[in-house]
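**Q** Going down the list, the sequences are from chains A, B, C and D. All letters in the first sequence, in the order written, are residues 743 to 949 by my numbering. All letters in the second sequence, in the order written, are residues 743 to 949 by my numbering. All letters in the third sequence, in the order written, are residues 51 to 383 by my numbering. All letters in the fourth sequence, in the order written, are residues 51 to 383 by my numbering.
Careful: at least some of the hints might be erroneous.
As the list claims (entries may be wrong) - Derived DSBU-like pairs (lysine-lysine); straight-line CA-CA distance at most 35 Å:
1. D:Lys220 - C:Lys52
2. D:Lys297 - C:Lys278
3. D:Lys220 - A:Lys859
4. C:Lys52 - B:Lys859
5. A:Lys859 - D:Lys278
6. B:Lys859 - B:Lys833
7. C:Lys278 - C:Lys220
8. A:Lys833 - A:Lys859
Stated by the list, open to error - Simulated restraints, written as ranges between beta carbons of each label pair:
9. C:Pro258 - B:Ala787: 48 to 56 Å
10. D:Lys278 - A:Pro797: 55 to 63 Å
11. D:Asp90 - C:Glu365: 27 to 35 Å
12. C:Glu295 - A:Ala761: 42 to 50 Å
13. B:Gly928 - C:Pro258: 48 to 56 Å
14. C:Pro258 - D:Lys278: 56 to 64 Å
15. D:Pro298 - C:Thr233: 18 to 26 Å
16. C:Ala172 - B:Ala949: 43 to 51 Å
17. C:Glu295 - A:Pro797: 35 to 43 Å
18. C:Glu259 - A:Pro797: 52 to 60 Å
19. C:Glu295 - D:Ala226: 52 to 60 Å
20. B:Glu840 - D:Pro281: 28 to 36 Å
21. A:Ala761 - D:Ala226: 22 to 30 Å
22. D:Ala89 - A:Lys859: 52 to 60 Å
Just so you know, these hints were derived from the structure itself, not from any lab. All C-beta atoms in this analysis are idealised placements derived from N, C-alpha and C, irrespective of residue type, glycine included.
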Amino acid sequence: MDVALALAWLRASAGAVAAESDRLTRLDSAIGDGDHGVNMNRGFAAVVAALDATPPDAVGALFVKAGGTLISKVGGASGPLYGSALRALGKALPPGPEVELAALAGGLEAGLEAVRKLGGAEPGDKTIVDAYRPALDAFEEAVAGGADLAGAAAAAARAADEGARATTAMQARKGRASYLGERSIGHQDPGATSTALIFKALADVTA
Amino acid sequence: MDVALALAWLRASAGAVAAESDRLTRLDSAIGDGDHGVNMNRGFAAVVAALDATPPDAVGALFVKAGGTLISKVGGASGPLYGSALRALGKALPPGPEVELAALAGGLEAGLEAVRKLGGAEPGDKTIVDAYRPALDAFEEAVAGGADLAGAAAAAARAADEGARATTAMQARKGRASYLGERSIGHQDPGATSTALIFKALADVTA
Amino acid sequence: MKKFINDPADVVAEALAGLAAAHPDDLRVDVSEQYIARADAPRGGKVALVSGGGSGHEPLHGGFVGTGMLDAACPGEVFTSPVPDQILAATKAVDGGAGVVHVVKNYTGDVMNFQLAAELAADEGIAVETVLVDDDVAVENSTWTAGRRGTGATLLVEKIAGARAEEGGKLAEVAAIGREVNTASASFAYALTAGTTPAAGRPGFDLPEDEIEVGVGIHGEPGRRREKLRPARELVRSALDAILEAKPVNDGDQVIVLVNGLGGTPLLELYLVYGEVATVLAERGVRVARRLVGNYVTSLDMAGMSLTVTRVTDEMIRLWDAPVRTPGLRWGA
Amino acid sequence: MKKFINDPADVVAEALAGLAAAHPDDLRVDVSEQYIARADAPRGGKVALVSGGGSGHEPLHGGFVGTGMLDAACPGEVFTSPVPDQILAATKAVDGGAGVVHVVKNYTGDVMNFQLAAELAADEGIAVETVLVDDDVAVENSTWTAGRRGTGATLLVEKIAGARAEEGGKLAEVAAIGREVNTASASFAYALTAGTTPAAGRPGFDLPEDEIEVGVGIHGEPGRRREKLRPARELVRSALDAILEAKPVNDGDQVIVLVNGLGGTPLLELYLVYGEVATVLAERGVRVARRLVGNYVTSLDMAGMSLTVTRVTDEMIRLWDAPVRTPGLRWGA
Ligand SMILES: Nc1ncnc2c1ncn2[C@@H]1O[C@H](COP(=O)(O)OP(=O)(O)O)[C@@H](O)[C@H]1O
Ligand SMILES: Nc1ncnc2c1ncn2[C@@H]1O[C@H](COP(=O)(O)OP(=O)(O)O)[C@@H](O)[C@H]1O
Ligand SMILES: [Mg+2]
Ligand SMILES: [Mg+2]
Ligand SMILES: [Mg+2]
Ligand SMILES: [Mg+2]
Chain A
743 MDVALALAWL RASAGAVAAE SDRLTRLDSA IGDGDHGVNM NRGFAAVVAA
793 LDATPPDAVG ALFVKAGGTL ISKVGGASGP LYGSALRALG KALPPGPEVE
843 LAALAGGLEA GLEAVRKLGG AEPGDKTIVD AYRPALDAFE EAVAGGADLA
893 GAAAAAARAA DEGARATTAM QARKGRASYL GERSIGHQDP GATSTALIFK
943 ALADVTA
Chain B
743 MDVALALAWL RASAGAVAAE SDRLTRLDSA IGDGDHGVNM NRGFAAVVAA
793 LDATPPDAVG ALFVKAGGTL ISKVGGASGP LYGSALRALG KALPPGPEVE
843 LAALAGGLEA GLEAVRKLGG AEPGDKTIVD AYRPALDAFE EAVAGGADLA
893 GAAAAAARAA DEGARATTAM QARKGRASYL GERSIGHQDP GATSTALIFK
943 ALADVTA
Chain C
51 MKKFINDPAD VVAEALAGLA AAHPDDLRVD VSEQYIARAD APRGGKVALV
101 SGGGSGHEPL HGGFVGTGML DAACPGEVFT SPVPDQILAA TKAVDGGAGV
151 VHVVKNYTGD VMNFQLAAEL AADEGIAVET VLVDDDVAVE NSTWTAGRRG
201 TGATLLVEKI AGARAEEGGK LAEVAAIGRE VNTASASFAY ALTAGTTPAA
251 GRPGFDLPED EIEVGVGIHG EPGRRREKLR PARELVRSAL DAILEAKPVN
301 DGDQVIVLVN GLGGTPLLEL YLVYGEVATV LAERGVRVAR RLVGNYVTSL
351 DMAGMSLTVT RVTDEMIRLW DAPVRTPGLR WGA
Chain D
51 MKKFINDPAD VVAEALAGLA AAHPDDLRVD VSEQYIARAD APRGGKVALV
101 SGGGSGHEPL HGGFVGTGML DAACPGEVFT SPVPDQILAA TKAVDGGAGV
151 VHVVKNYTGD VMNFQLAAEL AADEGIAVET VLVDDDVAVE NSTWTAGRRG
201 TGATLLVEKI AGARAEEGGK LAEVAAIGRE VNTASASFAY ALTAGTTPAA
251 GRPGFDLPED EIEVGVGIHG EPGRRREKLR PARELVRSAL DAILEAKPVN
301 DGDQVIVLVN GLGGTPLLEL YLVYGEVATV LAERGVRVAR RLVGNYVTSL
351 DMAGMSLTVT RVTDEMIRLW DAPVRTPGLR WGA
């Protein structure tokens, strides 16, 4: 992955989040406070603006900047979580304008670790983690099986989408949805849904 | 009219106001503040209770007491208006347990005069006066034509009802409805409507 | 209708009991005569202020009873003026021998009931002066109406006249400054939704999702006309146009501004509205000496707001700043 | 959606501008960094209190900035916690060298953003203590949830800890009394309707005409369950059962009670509710030392109310009574 592709990914994520903003907000109205689409949209629009203004010349720096921008602009639960994930991803990457597939996989692992550390969510808690974990597993499995970035990203996107769908049956144990108790069952998690959009964006730009 | 008939009239008025309370309130919601039915109901229920507790032995005293009770219990515009009307009616009657038809007509005239004095409304202003004035004219005309109380009351009830209906076309110049300007046109006046109910009650108990 | 009540018929009495329980040291509530008085009333030699009107406008008037404002308030049924008995009882209870000022909002019912009460009080030898509040400039043609309604300016009249009474003003003086404040005031209101009275159980009117009522009062009555909803900055400009046309304010004049919510409007929106008001008044060279933003003269749960602008003298500002200690308005004490 | 706003995206910034214009002498609003500070901050040697959270809860928190309460507040977007940059900027702006207490309501977003900000502040050498508020006992099972939410008790924590800071309390002392107040508090809320966020443009949930949400927070999120509407006296009893079970109050203990409207509930109903609360607490031998009735910790235009009961020491009462001068809470000054 080079700087241009990383930028394309984040642009595509911004586009997807904007296009699906209403849906994310609707999902969040059902079991949260109805702002997830607005939050993600505000954040990714700011990321694109920040990167356009002063494009970093290293992939790692680009993700660190993107993460920092999310932290500075989003607020709520999703801002620090996605922001920390992207910062950790960026920090884990080796310097330079291009990174290998294995390094990217490691970076994504660091990103998930940051989410887990900050939010303390386990798989099954009905959060971002429930799309991110299976996506990363599929990504790593594809890489281990010899896939290229396009193949790994496609596998990750599929797994993330399945993971997001699977949250419908879960009772939330983290975030606002947890206050609803059993009433959180039967609704897809907004954060897991936005995670699936982001992995789909990666698949789209690499396909 | 004797004490028993006067009491029957007020009782019948209370019954009519209770039965039509929702309609009066609905009319008042359209061009006022939506409390006319509740106000009238509270007032006439109190009148009946007060008269039941200590029934006066003179017709005049009975109306004075009824009027005073309305003033003490209703509030709003209708309380002082109807209360003053009944008080004036009672005060204008000669003493004793029974009064002549002519005296009653004079008393009703005094009642209307009290409404006019307190509220300053002219015919056409879309108020109580627009039912009371034609009712009284019809009553007096019938009496002059030799009718008995039943006949005069029936004529008055018909005229009051027509008068109330005619308020629909009027633009209010007094009371809350006046604030609506031209929007008050097209709705029947609640106060004129309750006046018609009271004259109908008189026709009913004398029929 | 969903409300935190028991029987709709008991709302006013039960709310009064709650008010009494909530302010045991400051207020004395007579539940049977239905009035709220300062705990320390009557105060010998002090002119007393009594106001009242329908319930549903809280904190007006009961929430404005206390040091530096009203001596007593008479709450009627919801949106229904109090009865003369109540007003008379309150007047007698707080009269300290120096006379009583009745602050009356200009509605047919309030005017008549207070008038009857004033006559009864006079019969008992109490000197009563009535200050009629009629600040609502949405009511345009007074020959075709019962005259302008009393709305937001009532708060200013009660605060400023109340301060004058507290510092020892005589009956005529207290009434005079109250009238001056009223004359110097103009208000205009918009409603986004109707309020629901407990007794009626349904909203006073229905409004489509994109329409507002322009020029409403505080009793859930419809306004002069309906309009499409417009941005706050345009609504503020139109309201201030009406206000400043009715009561012109000259370059350099000082005003007190009240941005008042009608009960269902979040403070977030009221502050946004105040920002627009400040901008427009600054453009026109009007100096805002003091301002108040919040839900003070309400119409149950109506989503709506009113603007009141009062041209004030230095003396009025001094009285506005004087200490006040009531459930609904408090500073300096 | 009908609101007094311009562009939904600008609501928070424009309301902030209005707040600044409305309180020119008492508040300093940094519109670009998005925080509200006391005009006289930083005060050398005084422990500073900083709070914040999503907008839409006004007067919380911005309305509680001033003498005797908060030194600064950071409003996020509507129902969205503020960002670390904002919190850091406010923390630096009001630090008087004696350290800063962050008052944080226990929501995932608030906790994380304040945590990141506290780390950044520590990097810059500012001592920060965090007081987490989690009083909402409608959230029952903490292993299955993000823990109890912070709601009405936030006002008490900010008032009492703010008074302690004002009189010269040290960082650890101010934080300690804040935590004690939180520990001694329990809250429970009902919603009759959902609020509407300007950005979403529609109510957060729909409720049938005869149902209520039981155990809601202050972000328009649905509660634990739906129930049929019941009379106020029954709702009060159920809420107090939950509150007193979670935080038992013994015979003769003193409490402060907050009857709080969620934004769209008329004061008339809140006073009626307080009357019921007073009755139930009296039955149980609980002494109500102080009480507050009004819309303080709101959820936009939600029709709803919350009850908070805090078991207080004499020291807490003394600090509660201490002068406070903020847009939303004021006495003794
Ligand atoms: N502790 C957590 N760990 C991981 N993800 C979480 C956690 N808490 C919440 N989330 C995610 O955040 C999403 C909500 O984000 P958003 O609506 O933007 O923030 P907020 O809940 O503060 O309004 C949830 O759908 C969930 O996926
Ligand atoms: N000045 C007046 N003279 C005669 N009748 C009046 C006057 N003002 C109002 N009314 C009558 O009072 C009625 C309203 O009574 P009600 O709803 O009980 O009182 P309020 O208007 O105070 O709520 C109106 O429909 C009208 O007929
Ligand atoms: Mg959310
Ligand atoms: Mg009426
Ligand atoms: Mg009325
Ligand atoms: Mg949020």
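**Q** Evaluate each hint against the coordinates.
**A** Verification of the supplied hints:
With a CA separation close to 47 Å, the supplied pair Lys220 (chain D) and Lys52 (chain C) exceeds the 35 Å bound. For the hint pairing Lys297 (chain D) with Lys278 (chain C), the CA-to-CA distance comes to about 50 Å; that exceeds 35 Å, so the pair is violated. A hinted pair counts as satisfied when its Cα atoms are at most 35 Å apart, and Lys220 (chain D) with Lys859 (chain A) qualifies at roughly 32 Å. Taking the CA atoms of Lys52 (chain C) and Lys859 (chain B), the gap is about 41 Å. The hint is violated against a cut of 35 Å.
Between Lys859 (chain A) and Lys278 (chain D) the CA atoms are separated by roughly 41 Å; this puts the pair beyond 35 Å, and the hint is violated. Simply put, Lys859 (chain B) and Lys833 (chain B) have alpha-carbon atoms about 16 Å apart, close enough for the 35 Å limit, and the pair holds. With a CA separation close to 49 Å, the supplied pair Lys278 (chain C) and Lys220 (chain C) exceeds the 35 Å bound. In summary, the hint linking Lys833 (chain A) to Lys859 (chain A) is supported, as the alpha carbons are separated by about 16 Å, within the 35 Å threshold.
About 38 Å separates the C-beta atoms of Pro258 (chain C) and Ala787 (chain B), a value inconsistent with the hinted range of 48 to 56 Å. In this structure the supplied range 55 to 63 Å holds for Lys278 (chain D) paired with Pro797 (chain A), their Cβ-Cβ distance being about 59 Å. Range check, Asp90 (chain D) to Glu365 (chain C): Cβ separation about 29 Å, and the 27 to 35 Å hint holds. At roughly 48 Å, the beta-carbon separation of Glu295 (chain C) and Ala761 (chain A) lies within the given 42 to 50 Å, and the hint holds.
Checked against the hint of 48 to 56 Å, the pair Gly928 (chain B) and Pro258 (chain C) fails, with Cβ atoms roughly 19 Å apart. In this structure, Pro258 (chain C) and Lys278 (chain D) break the distance hint of 56 to 64 Å, their C-beta atoms being roughly 30 Å apart. At about 58 Å, the beta-carbon gap between Pro298 (chain D) and Thr233 (chain C) misses the expected band of 18 to 26 Å. Between Ala172 (chain C) and Ala949 (chain B) the C-beta distance comes to about 45 Å, which sits within the given range of 43 to 51 Å.
In this structure the hint that Glu295 (chain C) and Pro797 (chain A) lie 35 to 43 Å apart at CB is violated, the actual value being about 56 Å. At roughly 44 Å, the beta-carbon separation of Glu259 (chain C) and Pro797 (chain A) lies outside the given 52 to 60 Å, and the hint is violated. For Glu295 (chain C) and Ala226 (chain D), the hinted distance range of 52 to 60 Å is satisfied, since their beta carbons lie about 58 Å from each other. Distance hint for Glu840 (chain B) and Pro281 (chain D): a CB-CB separation of about 49 Å, inconsistent with the stated range 28 to 36 Å.
Under the hint 22 to 30 Å, the C-beta atoms of Ala761 (chain A) and Ala226 (chain D), about 50 Å apart, miss the expected range. Between Ala89 (chain D) and Lys859 (chain A), the C-beta spacing of about 40 Å breaks the proposed range 52 to 60 Å.
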